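Participant: Everything in the sequence shown is counted per this note's numbering, starting at 867 for the first residue and increasing by one.
Hints may contain errors.
Claimed, not checked - Pair by pair, the computed Cβ-Cβ distance ranges are: (1) S870 <-> C916: 52 to 60 Å; (2) Q910 <-> F878: 49 to 57 Å; (3) F878 <-> N902: 45 to 53 Å; (4) I892 <-> S869: 44 to 52 Å; (5) A890 <-> C916: 28 to 36 Å; (6) T875 <-> I913: 31 to 39 Å; (7) L905 <-> S869: 27 to 35 Å; (8) R908 <-> M871: 53 to 61 Å.
Hints are computed from structural coordinates only; laboratory data are not their basis. Please read all numbers here as calculations on a predicted model, not as lab measurements. Cβ coordinates follow ideal geometry from the N, Cα and C atoms, glycine included.
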Amino acid sequence: MASSMIGTTLVFVQQQLIRYVCSAWILFGVPGCLLNVILLSRRQLRITSCCN
Numbered sequence: 867m868a869s870s871m872i873g874t875t876l877v878f879v880q881q882q883l884i885r886y887v888c889s890a891w892i893l894f895g896v897p898g899c900l901l902n903v904i905l906l907s908r909r910q911l912r913i914t915s916c917c918n
């Protein structure tokens, strides 16, 4: 009985983690990636080298 309760609890925790962590990942990751693309495609950043 206790093992089935632990299994049920673990499934619930897994579902909640997937729901909220993946949502936050998408919410912050996609705009962050788009901002990186916009920033790194600027002409000045393509010309200037950090190795000088």
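Participant: Any of the earlier hints contradicted here, and which numbers?
Facilitator: 3, 4, 6, 7
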